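Peer 1: Residue-level listing of the chains:
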Amino acid sequence: MATVTQLGKATVFTVGGTDFNDQLVSLEMTKTAPALDATTLASTSETFTAGLPTAETTFTLLGSFATSEAIQFAFGDVGTTTTIVFEPLAAAPGASSPRYTHTDGYLASAPIVVNVNELVQITLTYTGGSIAQAVS
Amino acid sequence: MADYVIVSGRLRGFKPGDVVSDADLLAAGIIPAKNLALGSIKEKQNTKASRKYAKPIEEETE
Numbered sequence: 001m002a003t004v005t006q007l008g009k010a011t012v013f014t015v016g017g018t019d020f021n022d023q024l025v026s027l028e029m030t031k032t033a034p035a036l037d038a039t040t041l042a043s044t045s046e047t048f049t050a051g052l053p054t055a056e057t058t059f060t061l062l063g064s065f066a067t068s069e070a071i072q073f074a075f076g077d078v079g080t081t082t083t084i085v086f087e088p089l090a091a092a093p094g095a096s097s098p099r100y101t102h103t104d105g106y107l108a109s110a111p112i113v114v115n116v117n118e119l120v121q122i123t124l125t126y127t128g129g130s131i132a133q134a135v136s
Numbered sequence: 137m138a139d140y141v142i143v144s145g146r147l148r149g150f151k152p153g154d155v156v157s158d159a160d161l162l163a164a165g166i167i168p169a170k171n172l173a174l175g176s177i178k179e180k181q182n183t184k185a186s187r188k189y190a191k192p193i194e195e196e197t198e
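Protein chains in written order, with my numbering: chain S, 1 to 136; chain C, 137 to 198.
FYI, nobody ran anything at the bench for these hints, they're computed from the structure. This one's a predicted model, so the numbers in the text were calculated from it and none came from an experiment. Ideal Cβ positions, reconstructed from N, Cα and C, are used throughout, including at glycine. Treat the hints with care, since some could be wrong.
[Claimed, not checked] Which bits of chain C does chain S cover? Going by a derived footprint, with three or more residues having C-beta under 8 Å, they are:
id, segment
1, 146–154
2, 160–169
3, 173–180
[As the list claims (entries may be wrong)] The calculated label-pair distances, taken between Cβ atoms and stated as ranges, are:
id, chain 1, residue 1, chain 2, residue 2, range
4, S, 109, C, 138, 25 to 35 Å
5, S, 40, C, 159, 50 to 60 Å
6, C, 173, S, 94, 33 to 43 Å
All chains, full assembly: derive it from the sequences and hints.
Peer 2: Shown next as structure tokens:
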């Protein structure tokens, strides 16, 4: 089985076209197709069908308070939708090097969490929209 | 169509000082209004020579 060791080498990570690759600490992209129960009395087992697909991307960035950096960016993005692009591998998008694009992700909140003797980080969750996988 | 000057070094595909149009930004997934508010881009000032050397308005005399 092929395995991937992620060595902090996301080659592309942009939020609304802004490149945060060098501040990305962790990332979770989830594509979801809710299971709608389609079981009837004629069924011989439980049957499901796909509901409206949805998506969620959560990521943590090292925070900076400077212009155009993570925290000011996040505050400007609250209440709006945006596009997030993630390419985990160095090769151009292809059969073995996918690109994931989350479109129309909505940011509901931008929490600032500050602790003594810790780097400032900000964790953002964009919900809704859809995630597409490009392999060409 | 407005022209903008890139300010932030974080806008992928552009570098600070680049002059771009709405279409250029939108093609890169960058929403001009949002980034204008953030200060990542600024509106390009009109520096046409015709303005710089415009004839001054003469004072009205009775």
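Peer 1: Against each hint, give a clear statement of whether it holds in the structure.
Peer 2: Here is how each hint holds up against the structure:
no.	hint	result
1	146–154	holds (count 4)
2	160–169	holds (count 5)
3	173–180	holds (count 4)
4	S:109 x C:138: 25 to 35 Å	holds, 31 Å
5	S:40 x C:159: 50 to 60 Å	holds, 52 Å
6	C:173 x S:94: 33 to 43 Å	holds, 37 Å
Of the numbered hints given earlier, the model fails none.
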